[in-house]
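J.: Sequence:
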Amino acid sequence: MQPGSWNRSNTFWPVQNGWRMLFRSEPNEIQFGLTLAFIAGAINAGGFMIVGQYTSHMSGIVSAMADGAAVGAWAVLLAGLTALCSFLGGAACSAILINWCRRHHARSQYALPLLLEALLVAGFGLLGEQLPPGIAIAVMVPLLCFLMGLQNATITKISGARIRTTHVTGIVTDIGIELGKLCYWNIRVTEANAPHVRADRAKLRLLSSFLGCFFVGGVLGAVGFSHIGLIAFLPLSVLLLLLASAVVQPALTPAAMQAARQQD
1 MQPGSWNRSN TFWPVQNGWR MLFRSEPNEI QFGLTLAFIA GAINAGGFMI VGQYTSHMSG
61 IVSAMADGAA VGAWAVLLAG LTALCSFLGG AACSAILINW CRRHHARSQY ALPLLLEALL
121 VAGFGLLGEQ LPPGIAIAVM VPLLCFLMGL QNATITKISG ARIRTTHVTG IVTDIGIELG
181 KLCYWNIRVT EANAPHVRAD RAKLRLLSSF LGCFFVGGVL GAVGFSHIGL IAFLPLSVLL
241 LLLASAVVQP ALTPAAMQAA RQQD
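Each residue of the sequence shown is one higher than the one before, starting from 1 at the first, in our numbering.
Derived from the structure by calculation, the hints contain no laboratory data. Some clues are possibly wrong.
[What the hints assert, rightly or not] Pairwise CB distance ranges, derived in the manner of DEER restraints:
no., residue 1, residue 2, range
1, C85, V238, 27 to 33 Å
2, G170, I137, 37 to 43 Å
3, P132, G72, 42 to 48 Å
4, A69, S209, 37 to 43 Å
5, G72, S208, 26 to 32 Å
6, G212, V139, 17 to 23 Å
All residues carry an ideal CB built from backbone N, CA and C; glycine is no exception.
The task is simple: from the sequences and hints, build the whole structure.
T.: Okay, structure coming up:
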């Protein structure tokens, strides 16, 4: 992949003078993704403070399922399967909502998944404290996995499958690749047409920003959940509502749908 060719149209486009940010709706696309990374970090780390389990990355959950199957710990296997299916359900729900908007010629395809996530986060933040502890944990793990699947699928669609905000393994891998390019010495090239190795510095800065937002969100989420409990969900819900509100009106109004049909 050549430097500067990482992103395609309608995603994060690097240009010679910096990053040209093309977003399908009102919010700035990169700020949008950074905010979602912050929210995912907060929910993931904060959720761990309450239920003792990370819910955003499926690698550990599938590994736990395999361990449970190997040693006959069927409760562990069932719990992992529930979490996995919840994550899959969230991703599938995002795809259904986005494709529904496309089918109805909505200009903003991503408002509904964000709105649903905001409502679920707010609802559980307000009502979760009213549930008995055992039931709350039993509900919270599948809910958090569903939310992470929903958000991950949404940002995957927005960024053209280049960015996933609910886990950072791929982000850290890409940062390492760019750092390797940055440290590479272009000397003693024996072939005249040998490529000159260059790091995509703009990509490196962007990926580092995503990693930083996830980390900061995790710190604040862990502190918030450990001190005030589930009510810490509410500020995250407000952030999601702010993201969704910028695009929800043109996505749902009949006038916008009619205008979109006329343009097709």
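J.: Now, for every hint given, state plainly whether the structure supports it.
T.: Structure-based check of each hint:
no.	hint	result
1	C85 x V238: 27 to 33 Å	holds, 29 Å
2	G170 x I137: 37 to 43 Å	violated, 29 Å
3	P132 x G72: 42 to 48 Å	violated, 29 Å
4	A69 x S209: 37 to 43 Å	holds, 39 Å
5	G72 x S208: 26 to 32 Å	violated, 44 Å
6	G212 x V139: 17 to 23 Å	violated, 31 Å
Hints 2, 3, 5, 6 from the list above are not met by this structure, while the remaining hints are.
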